[in-house]
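*Asks:* Every number in this note's numbering is 953 more than the matching position in the first sequence, counting from 1.
I should point out that these hints are in silico values taken from the structure, not numbers from a laboratory. Treat the hints with care, since some could be wrong.
[As the list claims (entries may be wrong)] Calculated lysine to aspartate or glutamate pairs in the EDC-like style (CA-CA distance at most 20 Å, straight line): (1) Lys1052 with Asp979; (2) Lys1081 with Glu1259; (3) Lys1322 with Asp1361; (4) Lys1155 with Asp1193; (5) Lys1009 with Asp1023; (6) Lys1003 with Glu965.
[What the hints assert, rightly or not] Label pairs and their computed distance ranges (CB to CB): (7) Asp998 with Phe1115: 49 to 57 Å; (8) Gln1144 with Ile1326: 19 to 27 Å; (9) Arg961 with Gln1231: 37 to 45 Å; (10) Trp1079 with Ser1113: 55 to 63 Å; (11) Lys1003 with Gln1068: 51 to 59 Å; (12) Gln1068 with Gln1295: 19 to 27 Å; (13) Thr1245 with Lys1016: 53 to 61 Å.
C-beta: ideal position from N, C-alpha, C; glycine also.
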Amino acid sequence: MLDWKWVRDNREIIITALKNRNTEFDLDELFSLDDQRRSLQQEADLLKQKRNEESKKIGFLKKEGKDTEDLMKNVQNIAEQIKIIDDKLKATEDEWKEKQLWIPNIPHETVPIGQDESCNRVVRSWGKPREFDFEPRPHWDIGEGLDILDFERGSKIAASRFTVLKGLGARLERAIMNFMLDLHTQQHGYQEIFPPFLVNSKAMTGTGQLPKFAEELYKCQDDLYLIPTAEVPVTNYHADEILPDEILPLYYTSYTACFRREAGSYGKDVRGLIRQHQFNKVELVKFVAPETSYDELEKLLANAEEVLKALQLPYRVVALCSGDLGFSSAKTYDIEVWIPSQKTYREISSCSNFEDFQARRANIRYRNKAGKIGFVHTLNGSGLAIGRTAVAILENYQQENGTVVIPDVLRPYMQGLELITPQYRVI
RNA sequence: GGAGAGGUGGCUGAGUGGACGAAAGCGCUCGCCUGGAGAGCGAGUAGGCAGGUGUAGAACUUGUCUCGUGGGUUCAAAUCCCACCCUCUCCGCCA
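With the sequences and hints as input, model every part of the structure.
*Replies:* Dropping the structure here:
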């Protein structure tokens, strides 16, 4: 959500921003709702003032034992008028607020302008893709060969885009998770959070998944939704709070499973682990003072990159252009890891500064040293997507005979094991 | 799921229809005192929305709303009624 008073004074900036984002939006309707709302409130406030004054008079007169019949009738009259205006005001206000939830964030001035991902800008690359002296196989072949990934049974017990990890596959997933959490908590100063995997609609609205992206979410009963990312519970952790200045910046890291319907991506990445309805992710979330948020974004990005460096996986960092930017984000860097079988870089992390967009929706504020209250800036980024990290490891560390070398930093998490080989086969 | 108790400001906690955005204490801020950010003394200390003044988004000011949330009763609701949410205790169920 944007600062409405600012929106009122900066129409042109919003219109340009919406265009750069390829978003259609009827702002005029919002402005007229706002006008209505303000004049109704003024009307209502005036009547309420009158009612309150007269009502007090009745109190005094009654104590003196005087007749208040006429006055009471009069106030009753005013109260009826108030009710009518208040109802109108509430309806107008509700509509005005609801409509605002559909306006995306304004891209930061450093975001490249462009229609789609072709305009994204490569910021830097790290590591050299390995030269294979054989044709690198896709991870699903490797995984099935080692009997550590079972796609067929995943579909059988759930649906397509669900996978069973087995034996060393499950162990690898757990190793990656623990390695990442240890790195972020012990080296990068993040506090670990293990949140609920179901959240209510208020939380989903707070971070911007609702109302616009309802069809992307799995909805359960009782107003609960499966989280698509830890960003939702962890950012909303401080919803409706005023944080004291001295505890900022707050750094949280959180492992969660993530659940996404992936509606509208029917043809994409149908094979393998790249696009699943359920996947694991270690997330980084920050709450910071506004003036520091772009520095904090760079640091957060560096923290995520550190994981890939430690794993010795080649990657590049891409600054998303305005047309490719997520709804709530003011600026996003994607980290893309090299996938040998596809001979391309694929997204493995997305690091964003939301500025005060989410903070406004979720009402997350802070009090500075002078005692003044303002909205914090929120940031988050994957640190990293675990499934996709496993994909990158399987493919980049594969050997011609189908085994996979375990990256050095993961070996302590796999009881010293150096190589993934077929262990045993039940069937 | 059943029974009971409860939800008040940064915190503790008083308040059962009218002068209550709300006692008292703690905490915090400022001032006095002091060698001293210790003790003592004094003052201040919620947020949202709308309007006005303006060194125009600093400050000041007026009104209004907010005592878990939403309705209702009443001239008037923290206070009475209804529904829901949450917390605690006991029972049931479960891991």
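*Asks:* Any hints this thing doesn't respect? Which numbers, in order?
*Replies:* Hints 3, 6 and 10 are the ones this structure does not satisfy, whereas the remaining hints hold.
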